[in-house]
Structure formats: C-alpha cells, structure tokens
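Asks: If you want the building blocks of each chain, they are given just below.
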Amino acid sequence: METEVQKLLDSIADLREKASVNAAFGEPVTIEGRTVIPVAKVAYGFGMGVGHSRADVELGVEADAEADVEKAASEEPVDKADAVGGGGGGGVQTRPFAIVEVTSEGTRVEPIVDEQKLALAGSLLIGWSVFWLARTLVKIFGRQE
Amino acid sequence: MNKQRVERQGPLVTKIVEGEPIRVGARELVPLVRVTTYARRRAHVGSGRLSGQGWGFVHLRPVAIVERSVAGKRRLPIRDKTAQMISGFVLAAIIILLLLALAARMVRK
Chain A
1 METEVQKLLD
11 SIADLREKAS
21 VNAAFGEPVT
31 IEGRTVIPVA
41 KVAYGFGMGV
51 GHSRADVELG
61 VEADAEADVE
71 KAASEEPVDK
81 ADAVGGGGGG
91 GVQTRPFAIV
101 EVTSEGTRVE
111 PIVDEQKLAL
121 AGSLLIGWSV
131 FWLARTLVKI
141 FGRQE
Chain B
146 MNKQRVERQG
156 PLVTKIVEGE
166 PIRVGARELV
176 PLVRVTTYAR
186 RRAHVGSGRL
196 SGQGWGFVHL
206 RPVAIVERSV
216 AGKRRLPIRD
226 KTAQMISGFV
236 LAAIIILLLL
246 ALAARMVRK
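As you go down the protein sequences, you meet chains A and B in turn. Quick note: the first sequence uses the working numbering, first residue 1, plus one each step. Quick note: the second sequence uses the working numbering, first residue 146, plus one each step.
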C-alpha cells in the first residue's frame, strides 16, 4: 500500500512537469496560401486520494444456543479485513484566445474577443451606473425638498 | 528540453516556457506560454493507517510568439483583448461612482 501512496504522490508532481506548451498552440492549418495557428488559454485541475486502514472485522457465526456458542468457540481464528478506498477527479477548460495568421506579407496576431462576456460586463456596467445615478438623484432632490 | 524562465517558486510556480518551434515556409514561429502550476501532496501515517492525497491545477496562458525569418527576429505579443475591455468597464464603473459622489457633495455645498 505504501507503494501505491508513493505512486499517487509522484504522479501529482509529474502533472506539473508535464504541462505542455503545445496544448495552448494548435496545429497550423493552411488554406490558399494562408496559414492559421489557433491559440487557446488552457486550465485544468485535479485531485486524488487513497487510504488504507487495518480494520479488525470478525466474520464469525452468530450463536443463538449454548451448543452453537461451543461450536463458534472451536472455529478457526477469524479473518481480518482491511479497508481500502480511493477516488479522484479533474476538469479541463479551453478558451479560444487568438489566431496567428501567417501570409507571404507577414505574420500577425488576431485576438479573439468573447462577445458573450463583454455583453454581460456591459449590462452590469449599465445596471451599476443606473443604480448609483438614481441613488444620487434621490439624495440631491430628496434633500432639496 | 524547452527553455524556461522561472518567476516564482514554492507550491505555486509561474514560468514562461518556450514551446516547440512551428515552421511555416521560410519562417519559424516559437510560442511563448506562461505556465502557472500549483500542486500539493500529503501523506498521513498512523498506527494501522496510511493515506495519501494530492491536488493542484495548471494554467497555460499564451504570452507571445517569436517570429524568426530571413528579415530577423520579431516578438509579437498576444494580448487578451476581452480582459482589457472588461478592465476598461471596471475602470469606467469606478470613475462613474467617483463622479456621482463628487456631484452629490458639490450639490450639498
């Protein structure tokens, strides 16, 4: 069991070392003399655990009568069952970030804008502004009355 | 082995790593990525008990691409335009709040 625990701990250290840059830059795609390389932001998380406990579990026979008690007493020593458990989980997120375009004229980087996030941020900004403007107007005109 | 420049140490490590060069015609493109990793490992040993656990995350953020050609070497930064625009919104929100607070104070006087 010690070996398994050590392997688990070593694999977690390895995950850090094996983080590959190639995951962020995709395979180049060439179309009509133009080469495009997709670029992404990548994030992944993980967790794992394993445990072992020596449990004294008696797998004996229940004795209802005296005769059974004598019989149970003469049985072979009971087995001891160990408890072992383990689990793990993880997740990956990839977000398109930019495109690198290579043509005969040169190389350029075209960033990718997440319009959904911008729309959400814009809505929050509008709501925030309206709230504070209304509060200020109530303070000003409320005071004047 | 990719070249690395380590910026921070400890359980949280940030480093800028050069990736494998990508050849496109006469040009060679070298990707640069900021790799942030966090990993923790623990083992517990007791009488009759042994357990181990670990957790962590890895974050890869492209930083730039270095173009090497006959004309020379050129570094092209890769910027997060979405994050820049959202930062602009946050700044606008703070400015709006300050302006309204200032206006309320001036009217009070």
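Take the hints with a grain of salt, since some may be wrong.
[As the list claims (entries may be wrong)] If the Cβ cut is set under 10 angstroms, some of the chain A residues that face chain B in the computed set are:
id	residue
1	I31
2	G47
3	G51
4	R54
5	V100
Bear in mind the hints are in silico, worked out from the structure with no lab data behind them. A virtual CB, placed ideally from N, CA and C, is assigned to each residue, including glycine.
Asks: Given R54(A) as an interface hint, is its Cβ closer than 10 angstroms to any Cβ of chain B?
Replies: Nearest chain B Cβ about 4 angstroms off; hint holds.
Asks: Take the shortest C-beta to C-beta distance between I31(A) and chain B; is it under 10 angstroms?
Replies: With a closest approach of 13 angstroms, the I31(A) hint is violated.
Asks: Given a cut of 10 angstroms on the nearest C-beta pair, is the interface hint for G47(A) held or broken against chain B?
Replies: holds (4 angstroms)
Asks: Should the hint that V100(A) touches chain B count as held when the rule is a Cβ pair under 10 angstroms?
Replies: V100(A) check passes; min Cβ-Cβ to chain B is 6 angstroms, inside 10 angstroms.
Asks: Taking the closest Cβ pair, is G51(A) under 10 angstroms from chain B?
Replies: Since chain B brings a Cβ to about 4 angstroms from G51(A), closer than 10 angstroms, the hint holds.
When the structure is compared with the earlier hints, a violation turns up for hint 1 alone.
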